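Could you put together the complete structure from these sequences and hints?
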Amino acid sequence: MIEARGLTRRYGDFAAVRDVSFSVADGEILGILGPNGAGKTTTIRMITGFLPPTAGGVWINGKSLREDPLAARRQLGYLPESVALYPEMRLEEYLAYRARLAGLGRGEAKGAIDRAVDSCLLGEKRRQVIGQLSKGYRQRVALAAAILHGPQVLVLDEPTVGLDPKQIIAIRELIRDLGRERTLLLSTHILPEVEQLCQRVLIIDRGRLVAEGTPEELRAQSASATEVRIAFEGEVPDAGDALGAVDGVDAVLPGDGHLRLRCASGADPRAEIFRLAVERGWVLVELSQRRASLEDVFVRLTRGQGTTQDPDGAAAELDNSHGTPGDEGSEALGPNDTGPGPEDPVDRSGGAAEER
Amino acid sequence: MMHGFLAVFSRELRAYFVSPLAWVILTFFLLVQGYVFSLIVGFLTDPRAVAGPTPFEIFFGGIFLWLTLVFVTPVITMRLISEERRSGTIEALMTAPVTAVQVVLAKFFAAFVFYAFLWLPTLAYPALLSRDTSVDWGPILAGYLGVLGIGGMFLSVGIFGSSFSKNQIVSAVVTFGCLMLLLFLPWAGSLTQDPQTGELLGYMNLLDHMDELGQGIVDSRRLVYYLTTAALFLFLSSRALEAKKWR
Numbered sequence: 001m002i003e004a005r006g007l008t009r010r011y012g013d014f015a016a017v018r019d020v021s022f023s024v025a026d027g028e029i030l031g032i033l034g035p036n037g038a039g040k041t042t043t044i045r046m047i048t049g050f051l052p053p054t055a056g057g058v059w060i061n062g063k064s065l066r067e068d069p070l071a072a073r074r075q076l077g078y079l080p081e082s083v084a085l086y087p088e089m090r091l092e093e094y095l096a097y098r099a100r101l102a103g104l105g106r107g108e109a110k111g112a113i114d115r116a117v118d119s120c121l122l123g124e125k126r127r128q129v130i131g132q133l134s135k136g137y138r139q140r141v142a143l144a145a146a147i148l149h150g151p152q153v154l155v156l157d158e159p160t161v162g163l164d165p166k167q168i169i170a171i172r173e174l175i176r177d178l179g180r181e182r183t184l185l186l187s188t189h190i191l192p193e194v195e196q197l198c199q200r201v202l203i204i205d206r207g208r209l210v211a212e213g214t215p216e217e218l219r220a221q222s223a224s225a226t227e228v229r230i231a232f233e234g235e236v237p238d239a240g241d242a243l244g245a246v247d248g249v250d251a252v253l254p255g256d257g258h259l260r261l262r263c264a265s266g267a268d269p270r271a272e273i274f275r276l277a278v279e280r281g282w283v284l285v286e287l288s289q290r291r292a293s294l295e296d297v298f299v300r301l302t303r304g305q306g307t308t309q310d311p312d313g314a315a316a317e318l319d320n321s322h323g324t325p326g327d328e329g330s331e332a333l334g335p336n337d338t339g340p341g342p343e344d345p346v347d348r349s350g351g352a353a354e355e356r
Numbered sequence: 001m002m003h004g005f006l007a008v009f010s011r012e013l014r015a016y017f018v019s020p021l022a023w024v025i026l027t028f029f030l031l032v033q034g035y036v037f038s039l040i041v042g043f044l045t046d047p048r049a050v051a052g053p054t055p056f057e058i059f060f061g062g063i064f065l066w067l068t069l070v071f072v073t074p075v076i077t078m079r080l081i082s083e084e085r086r087s088g089t090i091e092a093l094m095t096a097p098v099t100a101v102q103v104v105l106a107k108f109f110a111a112f113v114f115y116a117f118l119w120l121p122t123l124a125y126p127a128l129l130s131r132d133t134s135v136d137w138g139p140i141l142a143g144y145l146g147v148l149g150i151g152g153m154f155l156s157v158g159i160f161g162s163s164f165s166k167n168q169i170v171s172a173v174v175t176f177g178c179l180m181l182l183l184f185l186p187w188a189g190s191l192t193q194d195p196q197t198g199e200l201l202g203y204m205n206l207l208d209h210m211d212e213l214g215q216g217i218v219d220s221r222r223l224v225y226y227l228t229t230a231a232l233f234l235f236l237s238s239r240a241l242e243a244k245k246w247r
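Chains A and B, in that order, are what the protein sequence lines are.
Quick note: the first sequence, position 41, residue 41 per the working numbering, numbers continuous.
Quick note: the second sequence, position 229, residue 229 per the working numbering, numbers continuous.
These are calculated hints, taken from the structure and not from any lab test.
Treat the hints with care, as some may be off.
[Said to hold, decoys possible] Label pairs and their calculated CB-CB ranges:
#: 1; chain 1: A; residue 1: G107; chain 2: B; residue 2: R86; range: 51 to 57 angstroms
#: 2; chain 1: A; residue 1: G111; chain 2: B; residue 2: W137; range: 46 to 52 angstroms
#: 3; chain 1: A; residue 1: G105; chain 2: B; residue 2: S190; range: 19 to 25 angstroms
#: 4; chain 1: B; residue 1: Q193; chain 2: A; residue 2: D19; range: 55 to 61 angstroms
#: 5; chain 1: A; residue 1: G105; chain 2: B; residue 2: E199; range: 51 to 57 angstroms
#: 6; chain 1: A; residue 1: G105; chain 2: B; residue 2: V18; range: 55 to 61 angstroms
#: 7; chain 1: B; residue 1: P20; chain 2: A; residue 2: E124; range: 53 to 59 angstroms
#: 8; chain 1: A; residue 1: D19; chain 2: B; residue 2: S190; range: 57 to 63 angstroms
#: 9; chain 1: A; residue 1: R106; chain 2: B; residue 2: F17; range: 17 to 23 angstroms
#: 10; chain 1: B; residue 1: L31; chain 2: A; residue 2: G105; range: 42 to 48 angstroms
Note that this is a predicted model, so its numbers are computed, not measured.
Each residue gets a CB set at the ideal place from its N, CA and C atoms; glycine is no exception.
Encoded structure:
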């Protein structure tokens, strides 16, 4: 259980985080989203007690970070954004050090290290010197160190950055498992990851909490409601007019070899369209519904307010995050995630929604 | 509550012995000390030498001791907190269930053990001499007591310097500056007109302390001075570590 009340952090006159309150329950995975520089890492550092808040407070399982810091920290596992390890140590030695630091006895530590090494797929590198490990391995060593002492509360800042697709699947599986009984706070740039893992999402922009809810609720808030995509075999010149008359369809937009129907919120005209096609003898080759994705919500909520002033900038930043090496995996994950690049969010969001 | 101290202490001590810098320090330290000692012995065994000081009075009271201490201790300590802050490992360290005081003490004692290890081989000098001549071990032990006491004080200043910056060089220079003040301010105090200030600074004159210790005179007030100064700087370091942990 994490409880944050009125968290504020000022640097001189600049408020990096302003009055952010939320709580995370046991067995819940909460995702924090926000553009770069929005205050995510500052918030996370206050939650973990690394950074004392200017105002407000944090309670970890009811223990105040200010009043009872050691008891609160004992319950906490933390994967910082910048994965920092001691390069001269062997992997095993580092985990032994972290186990000792967390207060595990020698006997407990051995079992804990074995478990963490197994769940983070580090078996074959146990004896390696950390300085010689690749980024993906170091990321997993840091994750292993965070979960080592079996903390009830886990805070993971970008846990899948730098991993290959196979590892991403495994680590997400691990996170999902951990989230079943524990309290898990997750920050990530990868929106499909949020949709797959998180029961609830916070969106932070310019230091403020701008939205909170389940991915479902956030999607419902999005202005752009649903869209139906449709394609026929051959040319069907009169389709546009006929479809425009279907109940629930607001507008028909031509696409490249397909049509896009903008629909009223909550409307699902697909059955009607199918009947119409049968009636007219059109051969349908595609009929799919696209719901507003978290990406839409994210771009809309943080539009023109983030570090970049223009809305395209915000969108470009998101696109960039999809192009980073760490994200390759997410593109290659679900069956629907293979093809589309960032310019085609339709299938991806559909796929992510299904997977959830 | 010892687990945090022990974890940091053993990691830190190990880090010394696997770092190339430590072995470079050790090598040059022994080269310089060995050379200095051979010079002293050579000088004293010259038939024309005036009778008087023992080799260890010169060894512990000489300028080479201070040069060594003032240069070696900042290099030993500069890494301690700066490097954790630069690399970011401080984030995992300071969110673990350990206090800043434990962390600072653990780092201090690791540095102190390494420092003592540097001096260990120099025990061979009196041992060598004792084969051919009679050696009075009392003043020698007193000298080592001073070396450890003043060294510990300097190392605590070094940790304090290291808590200032992410940059090890900056840390070492800050430490070096503080040590110069600690060493030469009391010495300059002999020039002051005000008798009370002069007397106070006289108590803090480390150069005199080592001269006396080299002669076997142990004054407990001096040991108290080293201990309290070390405690003060360690306390300040732990405050700096807490206050700056967000950087």
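> For which of the previously enumerated hints does the structure constitute a violation, in increasing order of number?
Replying inline: 1, 3, 6 and 7
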